[in-house]
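A.B. asks: Spelled out, the chains give:
Protein chains: 2
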Amino acid sequence: MPSYTAPIKDMQFVLHDVLNVTASSTPGYDELEADFTSAILEEAGKLTSEVLAPLNAVGDQEGCRLENGVVYTPKGFKDAFAKVKEGGWTGLDMPEQYGGQNMPYILGTAVGEMFSASNQAFTMYQGLTHGAASAILAHGSDAQKDTYLPNMVSCEWTGTMNLTEPHCGTDLGLMRTKAAPQEDGSYKITGQKIFISSGEHDMADNIIHLVLAKIEGGPEGIKGVSLFIVPKFMVEEDGSLGERNAVSVGSIEEKMGIHGNSTCVMNYDGAVGYLLGDEHKGMRAMFTMMNNARLGVGIQGIGIAEGAMQHAIAYAMDRKQGRTPLDGTPEGTGTILDHADVRRMVATMKADTFAARAIALACGVGIDMTAATGDKAWTARAAFLTPIAKAFGTDTGMAVAEMGVQVHGGMGFIEETGAAQYSRDVRVTAIYEGTNGIQAMDLVARKMMDGGEAANRLLDEIEADAEAARDVFPNMTDALWQASETLREATDWLTEQSNMDTRFAGAVPYLRAFARVLGAHMHLKAALADKGGPREKLARFYILRLLPEHVGLLAHAQAGEADLFALSADELAA
Amino acid sequence: MPSYTAPIKDMQFVLHDVLNVTASSTPGYDELEADFTSAILEEAGKLTSEVLAPLNAVGDQEGCRLENGVVYTPKGFKDAFAKVKEGGWTGLDMPEQYGGQNMPYILGTAVGEMFSASNQAFTMYQGLTHGAASAILAHGSDAQKDTYLPNMVSCEWTGTMNLTEPHCGTDLGLMRTKAAPQEDGSYKITGQKIFISSGEHDMADNIIHLVLAKIEGGPEGIKGVSLFIVPKFMVEEDGSLGERNAVSVGSIEEKMGIHGNSTCVMNYDGAVGYLLGDEHKGMRAMFTMMNNARLGVGIQGIGIAEGAMQHAIAYAMDRKQGRTPLDGTPEGTGTILDHADVRRMVATMKADTFAARAIALACGVGIDMTAATGDKAWTARAAFLTPIAKAFGTDTGMAVAEMGVQVHGGMGFIEETGAAQYSRDVRVTAIYEGTNGIQAMDLVARKMMDGGEAANRLLDEIEADAEAARDVFPNMTDALWQASETLREATDWLTEQSNMDTRFAGAVPYLRAFARVLGAHMHLKAALADKGGPREKLARFYILRLLPEHVGLLAHAQAGEADLFALSADELAA
Chain A
663 MPSYTAPIKD MQFVLHDVLN VTASSTPGYD ELEADFTSAI LEEAGKLTSE VLAPLNAVGD
723 QEGCRLENGV VYTPKGFKDA FAKVKEGGWT GLDMPEQYGG QNMPYILGTA VGEMFSASNQ
783 AFTMYQGLTH GAASAILAHG SDAQKDTYLP NMVSCEWTGT MNLTEPHCGT DLGLMRTKAA
843 PQEDGSYKIT GQKIFISSGE HDMADNIIHL VLAKIEGGPE GIKGVSLFIV PKFMVEEDGS
903 LGERNAVSVG SIEEKMGIHG NSTCVMNYDG AVGYLLGDEH KGMRAMFTMM NNARLGVGIQ
963 GIGIAEGAMQ HAIAYAMDRK QGRTPLDGTP EGTGTILDHA DVRRMVATMK ADTFAARAIA
1023 LACGVGIDMT AATGDKAWTA RAAFLTPIAK AFGTDTGMAV AEMGVQVHGG MGFIEETGAA
1083 QYSRDVRVTA IYEGTNGIQA MDLVARKMMD GGEAANRLLD EIEADAEAAR DVFPNMTDAL
1143 WQASETLREA TDWLTEQSNM DTRFAGAVPY LRAFARVLGA HMHLKAALAD KGGPREKLAR
1203 FYILRLLPEH VGLLAHAQAG EADLFALSAD ELAA
Chain B
663 MPSYTAPIKD MQFVLHDVLN VTASSTPGYD ELEADFTSAI LEEAGKLTSE VLAPLNAVGD
723 QEGCRLENGV VYTPKGFKDA FAKVKEGGWT GLDMPEQYGG QNMPYILGTA VGEMFSASNQ
783 AFTMYQGLTH GAASAILAHG SDAQKDTYLP NMVSCEWTGT MNLTEPHCGT DLGLMRTKAA
843 PQEDGSYKIT GQKIFISSGE HDMADNIIHL VLAKIEGGPE GIKGVSLFIV PKFMVEEDGS
903 LGERNAVSVG SIEEKMGIHG NSTCVMNYDG AVGYLLGDEH KGMRAMFTMM NNARLGVGIQ
963 GIGIAEGAMQ HAIAYAMDRK QGRTPLDGTP EGTGTILDHA DVRRMVATMK ADTFAARAIA
1023 LACGVGIDMT AATGDKAWTA RAAFLTPIAK AFGTDTGMAV AEMGVQVHGG MGFIEETGAA
1083 QYSRDVRVTA IYEGTNGIQA MDLVARKMMD GGEAANRLLD EIEADAEAAR DVFPNMTDAL
1143 WQASETLREA TDWLTEQSNM DTRFAGAVPY LRAFARVLGA HMHLKAALAD KGGPREKLAR
1203 FYILRLLPEH VGLLAHAQAG EADLFALSAD ELAA
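Line by line, the protein sequences are chains A and B.
Those letters in the first sequence? Residues 663 to 1236, per this note's numbering, in order.
Those letters in the second sequence? Residues 663 to 1236, per this note's numbering, in order.
Check each hint, because a few of them may be wrong.
All copies of an identical chain are treated as equivalent in the list; a pair is satisfied when it fits inside any one copy or across any two copies.
Heads up, simulated EDC-like pairs for lysine to aspartate or glutamate below, C-alpha to C-alpha not over 16 Å straight-line [to be verified]:
1) K840 - E878
2) K747 - D864
3) K982 - E827
4) K708 - D1122
5) K1109 - D1154
6) K671 - E1233
7) K740 - D867
Hints in this document: simulated from the structure, not taken from any laboratory.
Keep in mind the model is a prediction, meaning the values are calculated, not measured.
Could you put together the complete structure from these sequences and hints?
C.D. replies: So this is what it looks like as structure tokens:
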């Protein structure tokens, strides 16, 4: 059974030694002294390792159960949820006005990683609530905020996001769910939504569904989509709960992982809904929220990577195995961690998890700075890093979980061991909140509409840091500087392409190469902060062995779309 | 529900147009005219798509059930097994003397891919039997061959391989299972074995277990391991079945995938066993058999890649989705296959599956040529290609199955869709018959004890072919030639390293780079055979976009072991 120890030192190292948060001028960051972050992270670490981690396998094995329209969560989830609420964790970065603790986003991000690492399926009940509350906070009327936010911030009520329908995923323009305007200003919502995480369960008094639907008679396609608040139980004027709304769960999906979360088919049969934000501007409202949610999903990937890594290292240090007869040491004297190839896997897991975490927290800084300053450069930085943090965080989660299974050998394929669960749970993170392909398309299109300015500004920073470190680490800085220049050329080439398919054909390898270079930058800063220490050693591993991947990725990124579309659909299917 | 169409044209293209099998001088290959291979492959294709594929999801959902020592296979497996036996498929490449059809190994390899593609869990009942029968064929006495082979070739009796014990996987020197010599020349076998695929089931009259154990008083460690035949039911002089032997199933493992195969804990409680081959030479006997079994596992990976790819392409061609608003085409008019990034994934799946299949079949040619000629160069070729075919075939299986899930988007995470099963089933292929890390270590150590001769001979061939094609495809040949030279330098560097850990530190990236170059060679030959056709287009995709990965991989391969071992175990665990 996997145990989990929150990587508090690693997180603090990134916050204080790599990103230097207290040295920044962000309001709220001045409080983030090491003593303070340590206190918060220790407390969250305790909760996640003692309460949530022990329920991770239980949730996987037991799953959720639907009986007569009621969804029962796995044994122990309800009590654990009560403890999470009690600790005030659900409102960590929410405004005090609605019962939150008003802490910087970056701290919520670090704590969020611990929650996902210890129990991803459980954490999603709270995570979706946070997402829905953020949307109401950003787009709701004062009355809507007052009605819903206090109970959602405390997780007395939970939330959901209803986008997907059976026939359409990413392309929401094909949506069929209808909203019929009523005389009292409300709407009647009718349609079916699928893949609704935490759609129905037994841990909260009410569930606030945010539902995308088309107002009858509105514009065709994506431009006619609006966002609605649809409570499971109607909320009376005095805040008490009234009648049950016409929303029900059709079934629970059988999934590859995150069995402890109820992924529901939701049926809306003329359910009462309230417009959130402007008519036909549902996508805008959704995107505001999804942008931060994307970082959140990246963090899920990183958390699961950390969990899988801890599990694999513990196994590798315990598993007795002689070294191979070839090098002459006596058989049966070591553990498998003595093997160079097991070390390669473990070092890759550690180096990539560190890189992904540092990139995600740097993105968090951008979000906090944007909120605090409104500075466009910070907005652009956060926007640019978001798809990278999401895709690289979840790609890392998948790769690390897969290596975790591999380190276990045959034991990894046996469910009892727990390694496989990480691999199954993390799989969805590369898909939801926009597949990683969509993230890459967003990066090379929308996030490069500035002609590559945000990208080049990052590269300038990287090269300046590399220059400054040249005397200390000549090999590493040279490798990083060269990689940054190669990436700059690819960036220039991409921004010159007016045919979007040319960009899209190389989008995923470009994003991966950018993450490799960003990761090397973070590792170089880590090495500078820990000269001669283990973080320098890990930086050397990353920069000299993993960073070179950017060469192949950037060749791929600039190969254009012609060959791709030269193959007809029939030729591809043949 | 996934359907499966055997890729007969692709297989024939590799056999006849890329590998030119009929033009070779291998005995038995002169029969392999296109008409003949077509007849065999069509027949196997029919069986696999009509009988085995429909049971693939059933096997996954139902799994195997243990009741009172009896293992029940999923519904329909028994009838399907009867049809497989009826068609004579189980003895395709076995000697006629024992009821086989004596066909070349390469044909069994192609047919084996179809079996794995359509139903991996099912196919393992036959696959393990084939492996056990091969071991008896290679190392058994005439009496043992006569006693066991006819019924094993026909699969009236099935076979198993018993290596692993709870405390030892790869390092068999730690083995505890004991063999006590009896006066009649037999042994009493006592111990517990785990991960025994097809260990017990209801589809055969008898099960012939091959069990590794240590004869009491023999040498310590790996040098004291012998191989034994332990039948489930004793076989009488007249060939009839006698008493039940003291071997029983302890439990069935709950696994990540291949639920339809019974992976058993087997208990030997003084079971009667017969020495197979020489005393204390069990590892030698095991390795003979495992070498071919490794290619077989590579083929499993390729088969599952093909199945996952067909499933994903069918979905992509059916799934309606407007193109992104960015390029201006009307929404809702296309399928997701119009998206450049979906095409990137589909083309990668196709290009890698082709490359892996061609490499595996080229390895099969080496095995057939070795058997026919005994020529050391062929032996070395087959031996060199085997770990690459195994690791690249199964890495490709994992990567393609994962992309198959990704192409499905959210639907891919829902088990009903079938995409996830490929991903779960294929996971074990990178682990069993020696993890892919072990394959890579074998490649850079044992398979390079010739000072790199086998490797360089392959590179000579590749460069000669590239030179010959330079006028036709200048870009592709140049890319391949350069890559081959870079690989040659890395090969020279590795063979010069006397510290095995230096080689092992770079083993996996080296193997992957070698596979990339071999794949490019196969693709170039395919392009030459199909100028201007879809295979040339796919070759361009592979050579210009995937082949460049070798640069990063070979940098990693030559980075040495020092940084890896600089990190202490405690630093890695911190």
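A.B. asks: With reference to the structure, classify each hint as holding or not holding.
C.D. replies: Right, here's what the structure says about each hint:
no., hint, verdict
1, K840 - E878, "within (6 Å within a copy, 77 Å between copies)"
2, K747 - D864, "within (15 Å within a copy, 52 Å between copies)"
3, K982 - E827, "between (50 Å within a copy, 13 Å between copies)"
4, K708 - D1122, "neither (40 Å within a copy, 60 Å between copies)"
5, K1109 - D1154, "within (13 Å within a copy, 44 Å between copies)"
6, K671 - E1233, "between (53 Å within a copy, 13 Å between copies)"
7, K740 - D867, "within (12 Å within a copy, 51 Å between copies)"
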